[in-house]
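**Q** First to last, the protein sequences are chains A and B. The first sequence: position 102 = 264 (the numbering used here), numbered continuously. The second sequence: position 106 = 310 (the numbering used here), numbered continuously.
It is worth saying that the hints were derived from the structure and are not from the lab. You may find that some hints are simply not true.
Unchecked claim - Under the rule of at most 27 Å between Cα atoms (straight-line distance), these lysine-lysine pairs were calculated in the DSSO-like manner: (1) B:K264 with B:K281; (2) B:K304 with A:K219; (3) A:K219 with A:K245; (4) B:K304 with A:K232; (5) A:K176 with A:K245; (6) B:K304 with A:K233; (7) B:K314 with A:K171; (8) B:K260 with B:K314; (9) B:K314 with B:K264; (10) A:K233 with A:K171; (11) B:K272 with B:K256; (12) B:K281 with B:K256; (13) B:K272 with B:K260; (14) B:K304 with A:K171; (15) B:K256 with B:K314; (16) B:K260 with B:K281; (17) A:K219 with A:K233; (18) B:K304 with A:K245.
This structure is a prediction, so every number in the text was calculated from the model and none was measured.
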Amino acid sequence: DGGITQSPKYLFRKEGQNVTLSCEQNLNHDAMYWYRQDPGQGLRLIYYSQIVNDFQKGDIAEGYSVSREKKESFPLTVTSAQKNPTAFYLCASSSGGSGINQPQHFGDGTRLSIL
Amino acid sequence: GNSVTQMEGPVTLSEEAFLTINCTYTATGYPSLFWYVQYPGEGLQLLLKATKADDKGSNKGFEATYRKETTSFHLEKGSVQVSDSAVYFCALTTTSGTYKYIFGTGTRLKVLA
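Please work from the sequences and hints to get the whole structure.
**A** Take a look at the structure:
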């Protein structure tokens with residue numbers, strides 16, 4: 163079955179450490195997204211990518227970085243510059259292009275905590 | 205700019221009660237509208253969608269009608285079950301040239317047996 167796989171499910175970060183969250187999709191989608199969700203809050207867009215080798219900042223990009231070297235993969239790095247990284251991180255994908263009005267598909271999320 | 209406004213929760217209902225979760229939007233162009241559901245510790249799942257005015261999306265007993273005149277997309281279910289307890293998000297996307305989706309803040313539903 164096609165879908166989005168996020169790993170790991172739980173991740174712990176020490177002070178001053180960078181950590182990378184994995185997101186892989188086999189839906190052949192052009193567009194991929196990273197969101198942050200804090201307890202009781204909605205989704206806030208971190209970065210998105212419409213096509214391989216291209217990505218744009220979302221609303222809260224500071225302290226995060228991404229790459230899009232392959233269509234299937236869109237890893238997110240939470241850098242030490244992100245002072246409050248504890249949150250639930252969701253990766254999503256969509257058709258993009260001619261499928262602009264198609265829904266997003268989401269992974270099961272990664273919960274990041276500070277040690 | 206584009207935005208989505210949802211009723212604040214939590215919404216607490218008894219089993220078999222009627223559910224309405226209000227959603228209104230502001231958008232340029234011709235948005236597509238979505239409802240997603242999120243169970244604890246999981247990602248969002250698409251519940252239903254509507255891509256043009258007067259379309260009705262439906263799934264698992266839930267329905268929502270795209271009302272352009274009132275810019276609304278309210279979620280309804282005639283008889284809720286305990287298993288419907290979750291957080292519901294209204295969202296939209298437009299043909300404005302960016303591939304961004306706009307989400308409401310979510311409404312938590314708790315159904316009591």
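**Q** Need the list of violated hint numbers for this structure, in ascending order.
**A** Violated hint: only 15; rest satisfied.
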